[in-house]
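Enquirer: Fit chain B to the known structure of chain A by using the hints.
2 protein chains.
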Amino acid sequence: MSKIRIGVVGYGNIGRGVEAAINQNPDTVLTAIFTRREPESIRPQTPGAAVEHVSQAPDYVNKIDVMILCGGSATDLPEQGPQFAALFNTIDSFDTHARIADYHGAVDAAAQAAGKTSIISVGWDPGLFSMMRMLSGVLLPEGKDYTFWGRGVSQGHSDAIRRVAGVKNGIQYTIPIETAVARVRTGETPEFTVREKHLRECFIVAREGADRAQIEIDIKTMPNYFADYDTVVHFISEEELQKNHSRMMHGGFVIRSGNTTEGNKHVIEFSLKLDSNPEFTANVLVAYARAALRMNREGQVGAKTVFDVPLAYLTSQTSLELMKELL
Amino acid sequence: MSKIRIGVVGYGNIGRGVEAAINQNPDTVLTAIFTRREPESIRPQTPGAAVEHVSQAPDYVNKIDVMILCGGSATDLPEQGPQFAALFNTIDSFDTHARIADYHGAVDAAAQAAGKTSIISVGWDPGLFSMMRMLSGVLLPEGKDYTFWGRGVSQGHSDAIRRVAGVKNGIQYTIPIETAVARVRTGETPEFTVREKHLRECFIVAREGADRAQIEIDIKTMPNYFADYDTVVHFISEEELQKNHSRMMHGGFVIRSGNTTEGNKHVIEFSLKLDSNPEFTANVLVAYARAALRMNREGQVGAKTVFDVPLAYLTSQTSLELMKELL
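Protein chains in written order, with our numbering: chain A, 1 to 327; chain B, 1 to 327.
Please note that the accuracy of each hint is not assured.
Since the list gives no way to pick one copy over another, a pair counts as held whenever it fits inside one copy or between any two copies.
What the hints assert, rightly or not - Straight-line Cα separation of at most 27 angstroms, DSS-like style, residue types lysine-lysine; simulated pairs:
#1 K220 x K168
#2 K243 x K3
#3 K324 x K197
#4 K144 x K265
Don't read these hints as lab results, they were simulated from the structure.
One chain only, chain A, in its complex shape:
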C-alpha cells in the first residue's frame, strides 16, 4: 500500500514535531514543508522532503494527501484553514474556543466545495480532552466533570510576563492544586473558584537594575492572566532558565464523577503527562491525518471534529487485527 503523503505548513515546534511523528509511523511520509520564511533557511531532518515557500502549495495538489496546518490560531489558521481546505485534506489544531463554530463554518464551506475533508481542532485540548469530557458525560449523565491543566508551560502566560517592564526573559507554569484534584478523584463535586483549581508559578530573569518587587507586583495583579490566581514568582539567572526550563512540558486531567443509582458512585479519569507538548500534539495530528484521508476516500467531505471520527480510522490496522489484539 502506498504511503500517506503529508505536507506540513509552518516549521515551528509543532511542524518539527510532525516531522518526528512521521518517522514513527511507517505508513506516512513527509513530502514537503511549506514556509513563509526563505525556504533555503530550513533544513528538514527528512531526506527527500521538499521545502517550499507557502505560495507554492497549489503545485502540490496531486502530490500531497493531507496537509497538516501547524500555524497559530490567532492569525494564521483563520486565513490558512479555509484556504488550504479548498485544495487539500487538512488537519489543524485551532484552539480559540469562542470562535470555533465560525472557524468550522468557514473551513466546512471551502472543504465541501472542493470535495475535501478537514478535521479541525485536533490535539489534546481541544482534542483528546474534549473526547474524554464528551464520553464521560454520556456515560455518567448525572455527574460533573473537571479539567485540570499542568504541571505545564503556558505559552500565553509566558508571553504575558515577558511583556512586563524590567523582565528580560521568563516562563510560566500552570500547576493543578493537588488537594482540589484529590477531592474530585474521590467523587466529590465541589464548586471551585479559578484560584482553587490552579496555581501559577513564574521563573523570571530580570534586567539589570530592574525593580524586582515592582515586577512581582505587576505580574501578580495582571488582569485575566494572574489577578484571579495565587501566583508565585521566582527570580533566576538566564543560565538557570536555559538549563532547567527549556522543556515544553505539559499535561493535565479530565475527571468526571457521577452516580448511577443512589449510593453507587463512579469516577472516570483521563490524564496526560507530557515532556513535550508540541511533539505529543504533533503525534495526535498525524494520527488524525490518517483518518482525514480515509474519510475523504469514503466521500465524507467537509469540516469534521474529533467527535466525528471512529477510532478505527486513526490506525492502519484492520478491523480483524483490532478485534484480536486490542478489544
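Expert: Below, chain B alone, put in the same frame as chain A:
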C-alpha cells in the same frame, strides 16, 4: 423527537442496570423486558414496561429500536447474539476474548442479512479500555501499555472459590499492586509476571467444622485462578460478608508510556473507579444503543465494535452543541 425504544433480554444485574440507565437518559424508554423465567415473577421499576417470555421477542420487531442483550458470554450470547441480530439492532457485552472474531462473524452474517446493526463487546473491558489501548497505541507508537484491573470483584474467581470443599460462601477481589502501577506511571516499561501486577484477596465463609487450613491451601494452589498469584485468604462470618462485601465494585487503569523523540517521554492514563460494575456497564450499553440506531438509519449495517463508532453517535447533542460546549 420520538424516544429510542429499548428492549432488555435478561433481567439480572446488568438488565436491572440498563433499566436504571434508561431512567437517566430522557431520550430513551424501556419498552419491554424479555426473560426465560416466568414473566409474572419479574416486577420492573419502570411503569409501562412489558415483561415477556423471551420466545415472544419476534412480536416486538416493530416496537423496539434496539435490543440490549444482557446474558452471559459463555452460553447465552453465542446463541442469542446471532438470533437477535436477525431481528433487531443489538448491543451486547460479549467478553470471551478468544472467541470474539468468531462471534463477530456470526452476528455480522445475521445482521447483514437482516439489514440490522449490532455493536458487540460493549462495556468497559472489552469496551472503554479497548478504546484507550487502541488510541494510546496510535498516539505513542513507540511505547508500551499496561492494563491493571481492580480493586474489584471478579465473578469468575468468586465462583471458583465457592466450589472449594468446605466453603459456604465467598468473594474474591482483584487488586492491582501499587508499586507496579507507580512504576508504569513514571514512564518505566518493565516486564511483569502476573504475580507482580495483581494480588488476589479472598473473603471466605467456611462451613461449620470445615478444615480452614485445607481450604486456604486448596484456593492458593488452584491452577489458572490462583496458583500464579499471591493470594490472601480471610475467614469471616456470613453476616460480615453480606454487610461489607455485597457491592460489585470494580475498576482499573490503562496506562501507556512512550517516547516521541529521544528524551521526551509521555504517559497517557485512563482509569475507572466503579461502585457498581453492572450499573456502570449498563450505562455504557445504553450510550451505544443510541449509536446502533443512528448507524442503522444511515445504512451502516452488520456487526460493529466500539472502534467503529464515532463518539458523536453516543449522544443526542448536535454537532454544533458538542463543538460549543465540549470541544
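Enquirer: At most 27 angstroms between C-alpha atoms: does K144 with K265 qualify within a copy, between copies, both, or neither?
Expert: within (12 angstroms within a copy, 31 angstroms between copies)
Enquirer: 27 angstroms Cα cut-off: does K220 pair with K168 within a copy, between copies, both or neither?
Expert: Close inside one copy (17 angstroms), not across copies (66 angstroms); limit 27 angstroms.
Enquirer: Pop the pair K243 and K3 into one bin, within, between, both or neither, using alpha-carbon distances up to 27 angstroms.
Expert: The answer is neither: 39 angstroms in one copy and 60 angstroms across copies each exceed 27 angstroms.
Enquirer: With identical chains treated as interchangeable, where does the CA-CA distance between K324 and K197 reach 27 angstroms or less: within a copy, between copies, both, or neither?
Expert: between (41 angstroms within a copy, 23 angstroms between copies)
Consistency with the previously given hints fails for number 2 only.
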